[in-house]
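Protein chains in written order, with our numbering: chain A, 1 to 343; chain B, 1 to 346.
Don't take each hint at face value.
One-sided and incomplete, this derived list gives chain B residues near chain A with beta-carbon spacing under 8 Å [unchecked claim]:
1) ALA139
2) VAL141
3) ARG162
4) ALA165
5) VAL170
6) VAL179
7) LEU181
8) LEU189
9) PRO193
10) PRO197
Here are the computed distance ranges between Cβ atoms for each label pair [what the hints assert, rightly or not]:
11) A:LEU160 to B:GLY160: 29 to 35 Å
12) B:THR202 to A:LEU14: 18 to 24 Å
13) B:GLY160 to A:GLY63: 54 to 60 Å
14) A:SER128 to B:GLY153: 57 to 63 Å
Everything labelled a hint here was simulated from the structure, so no lab data went into it. Quick reminder that beta carbons are idealized off the backbone N, C-alpha and C, glycines included.
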Amino acid sequence: MRAAAPGCIRSALLWTAGLAALVLSVAVAVTIGPADISVPDVWSAVAAHLGRGEATLTPIRDGIVWNLRMPRTLLAAVCGAGLAVCGTVLQSLLRNPLADPFVLGVSSGASTGAVAIVVLGVGGGAVSISAGAFVGAVVSFALVLLLSHALGGSADRVVLSGVAAMQLFSALTSFVILTAGDAETTRGVLFWLLGSLSGVGWTDVWLCGAVLVLALVICLAHARTLDAFVFGQDAAATLGVHVTRTRLLLLCVTALLTAALVSSAGAIGFVGLVLPHAARALVGSGHARLLPVTALAGAVFLVWVDTLARTVLDPQEVPVGVVTSLIGVPAFVLVLYRTRKTT
Amino acid sequence: MTPNTDSGRHRDFGPHSDFGLHGDSGPRTGSGPRTGSGLHGDSGRRTDSGSRTGSGPHRDSGRRTDSTPPPDSTPPPDSTPHTGSTPHPDSGLRADRVSRTAGGHLIIDGVTLAPPPGATVGLLGPNGSGKSTLLRVLAGVLAPASGVVTLDGMPLREAGRRTVARRVAVVDQDATTQVELSVEEVVRLGRIPHRRPWSPSTHRDDEAVHEALTRTGLADRASQSWHTLSGGERQRVQIARALAQDPRELLLDEPTNHLDIQHQLDLLSLVADLPLTSVIALHDLNLAAMFCDHVLVLREGVAHAAGTPSEVITEELIEKVYGVRAVVTPADDGPESRPSIRYLRR
Numbered sequence: 001m002r003a004a005a006p007g008c009i010r011s012a013l014l015w016t017a018g019l020a021a022l023v024l025s026v027a028v029a030v031t032i033g034p035a036d037i038s039v040p041d042v043w044s045a046v047a048a049h050l051g052r053g054e055a056t057l058t059p060i061r062d063g064i065v066w067n068l069r070m071p072r073t074l075l076a077a078v079c080g081a082g083l084a085v086c087g088t089v090l091q092s093l094l095r096n097p098l099a100d101p102f103v104l105g106v107s108s109g110a111s112t113g114a115v116a117i118v119v120l121g122v123g124g125g126a127v128s129i130s131a132g133a134f135v136g137a138v139v140s141f142a143l144v145l146l147l148s149h150a151l152g153g154s155a156d157r158v159v160l161s162g163v164a165a166m167q168l169f170s171a172l173t174s175f176v177i178l179t180a181g182d183a184e185t186t187r188g189v190l191f192w193l194l195g196s197l198s199g200v201g202w203t204d205v206w207l208c209g210a211v212l213v214l215a216l217v218i219c220l221a222h223a224r225t226l227d228a229f230v231f232g233q234d235a236a237a238t239l240g241v242h243v244t245r246t247r248l249l250l251l252c253v254t255a256l257l258t259a260a261l262v263s264s265a266g267a268i269g270f271v272g273l274v275l276p277h278a279a280r281a282l283v284g285s286g287h288a289r290l291l292p293v294t295a296l297a298g299a300v301f302l303v304w305v306d307t308l309a310r311t312v313l314d315p316q317e318v319p320v321g322v323v324t325s326l327i328g329v330p331a332f333v334l335v336l337y338r339t340r341k342t343t
Numbered sequence: 001m002t003p004n005t006d007s008g009r010h011r012d013f014g015p016h017s018d019f020g021l022h023g024d025s026g027p028r029t030g031s032g033p034r035t036g037s038g039l040h041g042d043s044g045r046r047t048d049s050g051s052r053t054g055s056g057p058h059r060d061s062g063r064r065t066d067s068t069p070p071p072d073s074t075p076p077p078d079s080t081p082h083t084g085s086t087p088h089p090d091s092g093l094r095a096d097r098v099s100r101t102a103g104g105h106l107i108i109d110g111v112t113l114a115p116p117p118g119a120t121v122g123l124l125g126p127n128g129s130g131k132s133t134l135l136r137v138l139a140g141v142l143a144p145a146s147g148v149v150t151l152d153g154m155p156l157r158e159a160g161r162r163t164v165a166r167r168v169a170v171v172d173q174d175a176t177t178q179v180e181l182s183v184e185e186v187v188r189l190g191r192i193p194h195r196r197p198w199s200p201s202t203h204r205d206d207e208a209v210h211e212a213l214t215r216t217g218l219a220d221r222a223s224q225s226w227h228t229l230s231g232g233e234r235q236r237v238q239i240a241r242a243l244a245q246d247p248r249e250l251l252l253d254e255p256t257n258h259l260d261i262q263h264q265l266d267l268l269s270l271v272a273d274l275p276l277t278s279v280i281a282l283h284d285l286n287l288a289a290m291f292c293d294h295v296l297v298l299r300e301g302v303a304h305a306a307g308t309p310s311e312v313i314t315e316e317l318i319e320k321v322y323g324v325r326a327v328v329t330p331a332d333d334g335p336e337s338r339p340s341i342r343y344l345r346r
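Just chain A, same shape as in the assembly (with noise of 0.2 Å):
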């Protein structure tokens, strides 16, 4: 117990740290933005919804900060969270320091979901580009999943089979577009195939949040068995792994995930790549410890990624995918530069 007890203390004040960064993440990125507002404004009109105390705002300001900052900005810790948590998943799961959520096919899979219902009109309208986009991404993952497992299952083939199922979905996307799209359609698909957390509601933040939470959870549960698989699935096996399951399982969480990630923010990217090799250069890679604190990191990180993308060009919007891309692009050429150097 002697060496645990400082671990204990170690995860307990990361925890405490990153949650109250988090919060005031949350709290100052809601106050920037064309509208005026400070902190304690964002406090009372928070504890006003939440029925503790008076509101004190203005009805207009009101709005601003309950029913356009709060859930965009709260989707953006969400969907950083929920990115960087499958990133690590998957680059362990899969062995590949390369992979991140979209290398399912998810998200390709989302994208031509989403321009089917907006473009070719599929649903007659009844059906909303989230739905689509979810169809899409469970269907490609079916793919996916299917095609790894007829190639023989292993690791590796699973990424091919992603990739493969990446170019078939994107090529059916702008198939779609070049033929059937008119170019105000191809400009919203557009903004919302590089990522965007403009326009979203409450229902994203609990639909989403409540899926991050269920994936967390199992995941977290299955932090030691991540762990096992550091040295392949052989050696996962022998440490009492049944390793066939827990990937199947594991796939399909973060698969889940990121569908319902993309359907509601669309494909951001190179957040799933790239958080969880800062957060495994923070603390390690043990699992246990590894997964709450990308979380963090991510949550954090795409919170302000996205108050840069809604600002930095005022009044004008950045897609914030095209912001994480920015950052991420190096990041990834970092990546690659030290597993040159590791083997």
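Take the given structure of chain A and dock chain B to it, following the hints.
Here is chain B on its own, set in the frame of chain A:
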């Protein structure tokens, strides 16, 4: 030693021939009467080589346990097989006529292996003879196509992965990872089968990790990065990780690959001195002769010969199994002596 060119297929090897006293181990899962598994069932099969070529219980067990008692007594190797406490024939890990196919080919074909508790058993044979596959079947990573692998009499499949992982540890020929890990973190992986989800590490976990590091001489390098280690040191860390599992059986697949001769000898001495039942796939016949109490020679997936190194490693066998001419200098009579092999140019 008498040359042994016998090529009986289902030769039993282990408790049955080593320890004269044993009851029948009862019905097996649909395998009917077991050939060569009854009392002295082997002796008849071995007469074709013209002399006693059994595994040499007295000489063999006596040598190991009398001259070099294991430093640790847990788990106790059976040190007095002939004076009372005879292990149950089902004790430990044993493969009973296991076969495994891949792509329509038989990779291993009806191999039986029952390492005596505490012994170091060498798996020999050329590339593609099925050594690795047999080890993976023994570890429960691959399921046998026919036959059964049992742990204390219970089929691995029924025992469950975690239970098996707490008993049987595996060291591969070369484990790689891209993840940044310290030596201690690698060794701590060995505790995974002992831990439940959400539970923090226990005192026993820390103790086992510390013991494993000490035993392998790595205590002062616990915080060093895995990636800065040499090949020999990495294998040592993997053995420490395996020991942290608290196993009673240790399976090693060509653990000395890519190591220089000093590290090969260090590593095999370490393994041979452990108070565990070890099964090691080896390429080097001299190393096998030096460190193994028993050897099993595989040829095209079939158990070709089994016994002590002196009995099995002969010029005829090397020529037949490896297609190589060699001069084998037999062991003289000293208790520690082993045959040595010198290969001839073609």
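Output the numbers, in ascending order, of every earlier hint that fails for this structure. none
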